[in-house]
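Novice: Take a look at the letters that make up each chain.
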Amino acid sequence: MRFVRLILPNFKRHKTRTLLTILSIVVAFVLFAYLGAIRTAFSFGVSMAGADRLIVRHKVSLIQLLPQSYEADIERISGVADATHATWFGGIYQEPKNFFAQMPVKPEEFMKMYPEFLLPPEQYQTWMKTRTGAVVGRITADRFGWKVGDKIPIQATFWTRKDGGKLWTFDLVGIYEGKTKEVDTSIFLFRHDYFDEARGGGEGLVGWYYIRVADPKNAEVIAKQVDDAFANSPAETKTETEGAFVRGFAEQAGNIGAIVMFILTAVFITILLVAGNTMAQSVRERISELGVLKAIGFTDGQVLAMVLIEGVLVALVGGAIGLGLGWWAVSLGDPTKGALPVFTLPPRELITGAILVLLLGIISGLLPALQAMRLSAVDALRRE
Amino acid sequence: MANPLVQLSNVEKVFRRGSEDIHVLRNLDLVIDEGEFLALMGPSGSGKSTLLNLLAGLDRPTNGALTVAGKRIDSLSRRELAHWRARHVGFVFQFYNLLPVLSAERNVELPLLLTDLSRSERKKHVMNALEIVGLTHRAKHTPRTLSGGEQQRVGIARAIVTDPTLILADEPTGDLDRKTGDAILDLLQSLNRQQHKTIVMVTHDPHAATHASRQLHMVDGQLSSEMAA
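Taken in order, these protein sequences are the chains called E and Y.
All the letters of the first sequence, read from the start, carry residue numbers 1 to 384 under my numbering.
All the letters of the second sequence, read from the start, carry residue numbers 385 to 613 under my numbering.
Just chain Y, same shape as in the assembly (with noise of 0.2 Å):
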């Protein structure tokens, strides 16, 4: 029986806009288990995004509970969610997001600088995620030289080197091509399959959605629906 990773319980997310209160999550009841690979759909404006930065630690919830690993990170602050983050979370953006400046190997080398890893701990953990993307060879490149798909593999590479508890994908394959995108689910897949890593995709993609273990639609902000792959 699988053990559950993530819990979320009587979730609440509440914007504040001039006078207006605006729901973006309501009640929301949810349960990730270890080695998951959930797919979170849902149109525009549903609450999907929000849901994952409160799973990220990037925000945290009005009201309800947030656990993660056994902790309560919903009550943390700005300062011990950067440090819970940088433990336990990976991050796959849609756009990348690597910096622009920093060779391929020195962006996933990143969130090790965060670690007590020596420079050489650190570059046999990023070589080896390199390698789990197969982009050893490109690894002294810069973003600019690299095409969407090895820009987004450097990008996973970057989300899984500190071999997080978490990895949450924000549309991972929004900006590639249906053959790369393969590619790159094919290898989220893959970590989730092999690694046994637990990944949590937001994605508007059908397609995209049908690699991972469960799927769940949400509007309005609540979940309306579950399907197992």
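The following block holds chain E by itself, in its conformation from the complex (with noise of 0.2 Å):
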């Protein structure tokens, strides 16, 4: 402790080289943090996806429909404790820049099959009481400053009522929290009865079915019997944990992860060779002052640790403002305005960027600690 007084002072020597180097290790963090939440973003619903839920779709693609009296045929399946369906909606609020996912569902069967989603019971009631009602999750509410107890129209794309007409207007009886800040709270749920009725194609077809298995342990198992069960048939499915579902939902868009990390990589390396560069340098002029310590009977090892120390204090400092910085960047909300409905950054993310932190000190003070612990007194002091 007591050797700080002796390190702190050393920031002063060339401030504004100290400041700058703090900087471009903030703008690294910041990058990180923001970077950090669109990644989260991408993989949305991967980590929260529930172990012991599936998901059945069409075998060729996600937009084919399934007949709805699969359902029955799943939860007879063994080890199928639940099952329910949803479908893609796909319309529009007021202009498509307004993206956001809507599904009709049958409340009590999804809400039970989320119990991440709470939904006030109040709500839920009169959700089931009303058969144009329709749930949003917070995100969406507050983007459009919905409130209960609102008419939402919405365009519809493909489809279509009975009567040709493509309005179709909603009663919002609810809004739904998230139980956690990863749950997605972006969806505008209503009830697949109205649908059903209402629409001007596809009756008796749904988009994709939900399983809850009884033991997460045999979903792979139970997978694999669903699909066997509609194997032949005109609709036969895919099966796979929600997990996998969402991850292969987001790389249609490209592997957002890999570039993401890609990109952090040589943020990272960059800042790397800056802040070593500083330290060694920092070191280069120091070499007569390390001497007088030598000579004075500090030994190679305590020379060592302050000069990593020193280092690590640096990106200490600006690994802190960054991630700080980072983090409020993120707690403003989704930028794109409704394209990232999770955006949040995970504690595991924060405590990722503190461990880069650290090793961004050590690694970048290393060389220039093991140049300063190599140096002899004598040496140092001759190069006056």
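It is possible that some hints are incorrect.
To be verified - Derived Cβ-Cβ restraints for the label pairs, each shown as a range:
hint	chain 1	residue 1	chain 2	residue 2	range
1	E	K15	Y	E418	44 to 54 Å
2	Y	K507	E	F262	53 to 63 Å
3	E	M261	Y	F399	14 to 24 Å
4	Y	D413	E	L358	25 to 35 Å
5	Y	N512	E	F3	53 to 63 Å
6	E	F3	Y	Q578	48 to 58 Å
Stated by the list, open to error - Here are the simulated DSS-like pairs of lysine-lysine, each with C-alpha atoms no more than 25 Å apart in a straight line:
hint	chain 1	residue 1	chain 2	residue 2
7	E	K129	E	K147
8	E	K181	E	K112
9	E	K179	E	K162
10	E	K179	E	K112
11	E	K59	E	K12
12	Y	K524	E	K12
13	E	K59	E	K238
14	Y	K524	E	K15
15	Y	K507	E	K12
These are computed hints drawn from the structure, not numbers from a lab.
The model shown is predicted, which means the values in this text are computed figures rather than measured ones.
Beta carbons: idealized from backbone N, C-alpha and C, even for Gly.
Using the hints, put the two chains back together into the complex; each one sits in its own frame.
Specialist: Rendered as structure tokens:
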């Protein structure tokens, strides 16, 4: 601790240089936090996907529909605790850029399947009673300033009504919250019975099924049993865990995780070189001072530790400010206003960030610290 | 009768430059008594700084034995030598070698950071050392705001703050004008006479050497002549 008083004044030597180095680290960690949130957004649901939930979709593609009669068949399979379905509506609210997911579901079954969607009981009851009722997640409600009781007009893109009209009007009866920050609260849910009755085609067909399995250990076996049950039928299925489904969905836009990792790796290598070079330069300028410390009796290890701590302190200050700013920027919400519904920085990303800060400090300071450690006092004093 | 504090027996120091061996010190025998003020003189390249480095434990002899206060230091490891230096050696440099970012008192405190002393004890020792060199009023000043003579006095305060066995001074007046240099030499002399510090000073300056109680001349890595003051 007593050496800290010896280390801190070193930052005053070249204030601009110290500041710029810290600033470069700040930028790197703001980027880390922000890209981390984007990566999380693209893999939304993967980490939150229930281990006991499976998704059954058409074998050919997600947009091919499945018969509604499959639900009863699926529920008959041993090990399946529950099943329900949903369909992609794909409508437009006011203008196409106001994107959010809309899905007709069976309220009772869906809310049981997704206990992480928290809907106040009285709103749930109203939904059960209101055929044209819909509920929406907090993020979309706030985005458009919707309140319970509002009428929400949605323009269909392919689900036209029986009368040929494209406008579907729903009564907003509830706003659900997520059990955790990672839960997607952008989805607009309305009743399948109303949808099925009013749609102008595709009666008896649904988009996909959710299955809850009694024992997650049997998920793979049950997935195969489901697909076997519908093999050689006009609508063959592909069943996978919810995590795999969401990952596949996210990867339609490319391997975002890999792209983000690539960018971050490039940023960190650059910052490592910048910080390392600054530390090396700082040590080079202080060779004779380090020689004096050694002449006075500081051991090689103590000199190594001092230089290393100096590097770590720079990284810690820059990293803490960077992660703090990044966290704040992420907390301002989805920058795309809707395309990234789960825009949050999970604690594990912050922990990874903290570890990276430490590693950056240690690695950038290590070479200069080793150089300082190996320095002979006689040589150092001679270099004046 | 004075006690021998430093004993060099058949000490040799060889540096290797490429394929060539350079004998900087040759079969050196020397005894320095406790309480002595020894001036080491000689032309550049005569080996006096190398000898000082050996006495300081900054370097090890190639051959021979070097004993300080009854302890053989020629066979100590780098780490052991560092610990030994912290306890036994005070160093005064030609260019003062103060840390520019630290105040005078923090510079003086440096060697005490390696001891178990508490902060208040360290402060007491620092003020005592600054008082000896007459600089308590400049304690908070950084080296940049001190004159050359004042900086060297801070350097001396740093060298004596741990009450070392041996004070080694490498051209302590080499960067000062005559008047300031004399003041520094008087200070070293009074440390020797009043506080009985053992001092070894390397100097080119015959005038500076007159402040010592004994003068040794080195030529080509060997002691060539000796003169008592």
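Novice: Taking the hints in turn, state whether each one holds.
Specialist: For each hint, the structure was consulted:
At about 48 Å, the CB distance of K15 (chain E) to E418 (chain Y) agrees with the hint of 44 to 54 Å. Distance hint check: the CB atoms of K507 (chain Y) and F262 (chain E) are about 54 Å apart, consistent with the given range 53 to 63 Å. Distance hint check for M261 (chain E) and F399 (chain Y): the Cβ-Cβ separation is about 52 Å, which falls outside the suggested range of 14 to 24 Å. The hint said 25 to 35 Å for the Cβ distance between D413 (chain Y) and L358 (chain E), and at roughly 54 Å that hint is violated.
Take N512 (chain Y) and F3 (chain E): their Cβ atoms lie about 23 Å apart, and the range 53 to 63 Å is violated. Separation of F3 (chain E) from Q578 (chain Y) is about 34 Å and departs from the stated range, judged on CB atoms against 48 to 58 Å. About 18 Å separates the Cα atoms of K129 (chain E) and K147 (chain E), which keeps this hinted pair within 25 Å; it holds. Between the alpha carbons of K181 (chain E) and K112 (chain E) the distance comes to roughly 19 Å, so the proposed pair stays at or under 25 Å and holds.
Note on K179 (chain E) and K162 (chain E): the hinted pairing is violated, with a Cα-Cα distance of about 37 Å set against a maximum of 25 Å. Proposed proximity of K179 (chain E) and K112 (chain E) is supported: the alpha carbons are some 14 Å apart, at most 25 Å. Among the hinted pairs, K59 (chain E) with K12 (chain E) is inconsistent with the structure: their alpha-carbon atoms are about 65 Å apart, more than 25 Å. Distance hint between K524 (chain Y) and K12 (chain E) is fulfilled; the C-alpha atoms sit about 17 Å from each other, no more than 25 Å.
This hinted pair checks out: K59 (chain E) and K238 (chain E) have alpha carbons roughly 5 Å apart, not beyond 25 Å. Annotation: proposed proximity of K524 (chain Y) to K15 (chain E) holds, straight-line Cα distance about 21 Å (limit 25 Å). Pair hint K507 (chain Y) plus K12 (chain E) holds up; C-alpha atoms about 23 Å apart against a cutoff of 25 Å.
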